[in-house]
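Asker: Using the hints provided, position chain B relative to the given structure of chain A.
The listed protein sequences derive, respectively, from chains A and B.
Per this note's numbering, the first sequence runs over residues 1 to 115.
Per this note's numbering, the second sequence runs over residues 1 to 113.
Certain hints may be false.
Unchecked claim - Pairs of lysine-lysine residues, derived as DSBU-like cross-links and limited to a Cα-Cα distance of at most 35 Å, are as follows: (1) 73/A - 57/B; (2) 55/A - 57/B; (3) 18/B - 69/B; (4) 71/B - 107/A; (5) 69/B - 17/B; (6) 107/A - 70/A; (7) 57/B - 18/B; (8) 69/B - 107/A; (9) 107/A - 65/B; (10) 110/A - 18/B; (11) 55/A - 78/A; (12) 107/A - 17/B; (13) 17/B - 71/B; (14) 65/B - 110/A; (15) 70/A - 110/A; (16) 110/A - 55/A; (17) 18/B - 107/A; (18) 110/A - 57/B; (19) 69/B - 57/B; (20) 107/A - 57/B; (21) 107/A - 73/A; (22) 71/B - 55/A; (23) 57/B - 70/A.
Just so you know, these hints were derived from the structure itself, not from any lab.
One letter stands for each residue in the lines below.
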Amino acid sequence: AQTVTQSQPEMSVQEAETVTLSCTYDTSESDYYLFWYKQPPSRQMILVIRQEAYKQQNATENRFSVNFQKAAKSFSLKISDSQLGDAAMYFCAYYSGAGSYQLTFGKGTKLSVIP
Amino acid sequence: EAQVTQNPRYLITVTGKKLTVTCSQNMNHEYMSWYRQDPGLGLRQIYYSMNVEVTDKGDVPEGYKVSRKEKRNFPLILESPSPNQTSLYFCASRRGGVTGELFFGEGSRLTVL
Numbered sequence: 001a002q003t004v005t006q007s008q009p010e011m012s013v014q015e016a017e018t019v020t021l022s023c024t025y026d027t028s029e030s031d032y033y034l035f036w037y038k039q040p041p042s043r044q045m046i047l048v049i050r051q052e053a054y055k056q057q058n059a060t061e062n063r064f065s066v067n068f069q070k071a072a073k074s075f076s077l078k079i080s081d082s083q084l085g086d087a088a089m090y091f092c093a094y095y096s097g098a099g100s101y102q103l104t105f106g107k108g109t110k111l112s113v114i115p
Numbered sequence: 001e002a003q004v005t006q007n008p009r010y011l012i013t014v015t016g017k018k019l020t021v022t023c024s025q026n027m028n029h030e031y032m033s034w035y036r037q038d039p040g041l042g043l044r045q046i047y048y049s050m051n052v053e054v055t056d057k058g059d060v061p062e063g064y065k066v067s068r069k070e071k072r073n074f075p076l077i078l079e080s081p082s083p084n085q086t087s088l089y090f091c092a093s094r095r096g097g098v099t100g101e102l103f104f105g106e107g108s109r110l111t112v113l
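In isolation and in its complexed conformation, chain B is listed as follows:
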């Protein structure tokens, strides 16, 4: 089954404790992206990757890191989480250069205390 898989789905952590949200897709998509969703703000892009070893900032990259060492994986790293990073996070992928339709993971609810 074609899918984007995120882990963990739910996480409660404390300020400053490094965490990684993993994202994996099995569709051989070139493009992958991370979004955060906050009430009243919709989805905002954090980082995206056009292909392996190619990443770029989205609209809200502060406090986040990403890496793209393999085509299928695109982890999101919070080196020192803060309460304002409490949010719902989505990973998404698509084939490069086509119509723009994104395939989304199921979301990761992160709470930073």
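Same shape as in the complex, but just chain A:
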């Protein structure tokens, strides 16, 4: 079974600074998708960014970007110009392109933003 590991249970960042959240995963498949979801205090799960494994180019969405290292099975999230509204739990997730139909989540990283 695939596993997703987020090694940083908690992190903090100064407002306007940059922070990187780590995620590694274990898989034997070549076709898959990776996601970062944000869960603010409202509890809503919000998709932040998505990466297709077959794409070499790293995905970006405004202030959010990823560093996807397929050989290393690493998928880190970089948040630039951090804002107070970025404070949330962040979950990394893996989805196989074939067979399992499951979105497997890491245990999450709680990000605090310091004014």
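Answerer: This is chain B only, laid out in the frame that chain A set:
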């Protein structure tokens, strides 16, 4: 508005009293799923459904039942709730066979005393 709707959002109940958490989506998605979220454990899948009348167990199915009689609805049933089922529950849906992005409901906070 495209959405996944769960009810109730909050519930306190007692051990052994059967309850149902409803889930409905208006996006005509084939795939629906239930997750539970616990501190330090992330989200774990309980059951999923690829389409009407097709359901399968996820990672933590014990103590839960589901049914998928209609495409839009996927209720989660706790026949005899126990305190270890106290958790935050999410229903989610997506189009079948594509990129895997899930659309989540707003969550249901369940406390079993």
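Asker: Below or equal to 35 Å on CA atoms is what counts here, so check residue 69/B against residue 17/B.
Answerer: holds, 24 Å
Asker: Verify the proposed pairing of residue 18/B with residue 107/A, using a straight-line Cα cut of 35 Å.
Answerer: Given that 35 Å is the threshold and the Cα spacing comes to 29 Å, the pair holds.
Asker: Between residue 71/B and residue 107/A, does the CA-CA distance stay at or below 35 Å?
Answerer: holds, 30 Å
Asker: Is the Cα-Cα distance between residue 107/A and residue 70/A 35 Å or less?
Answerer: holds, 21 Å
Asker: Does residue 78/A lie within 35 Å of residue 55/A when you go C-alpha to C-alpha?
Answerer: The given pair, whose Cα atoms are some 18 Å apart, holds under the 35 Å limit.
Asker: Decide if the proposed pair is consistent with the structure: residue 71/B and residue 55/A, CA atoms, cutoff 35 Å inclusive.
Answerer: holds, 33 Å
Asker: Would the hint linking residue 69/B and residue 57/B be met if the CA-CA limit is 35 Å?
Answerer: holds, 17 Å
Asker: Do the alpha carbons of residue 55/A and residue 57/B lie within 35 Å of each other, as the hint requires?
Answerer: holds, 31 Å
Asker: Are residue 57/B and residue 18/B close enough, with their CA atoms no more than 35 Å apart?
Answerer: holds, 20 Å
Asker: Check whether the Cα positions of residue 107/A and residue 65/B lie no farther apart than 35 Å.
Answerer: Roughly 25 Å between the alpha carbons, so the hint for residue 107/A and residue 65/B holds.
Asker: With the threshold set at 35 Å, check whether the alpha-carbon distance from residue 107/A to residue 17/B stays at or below it.
Answerer: holds, 30 Å
Asker: Next pair to validate is residue 110/A with residue 55/A; report whether the Cα-Cα distance is within 35 Å.
Answerer: holds, 28 Å
Checked against the numbered hints given earlier, the structure satisfies every one of them.
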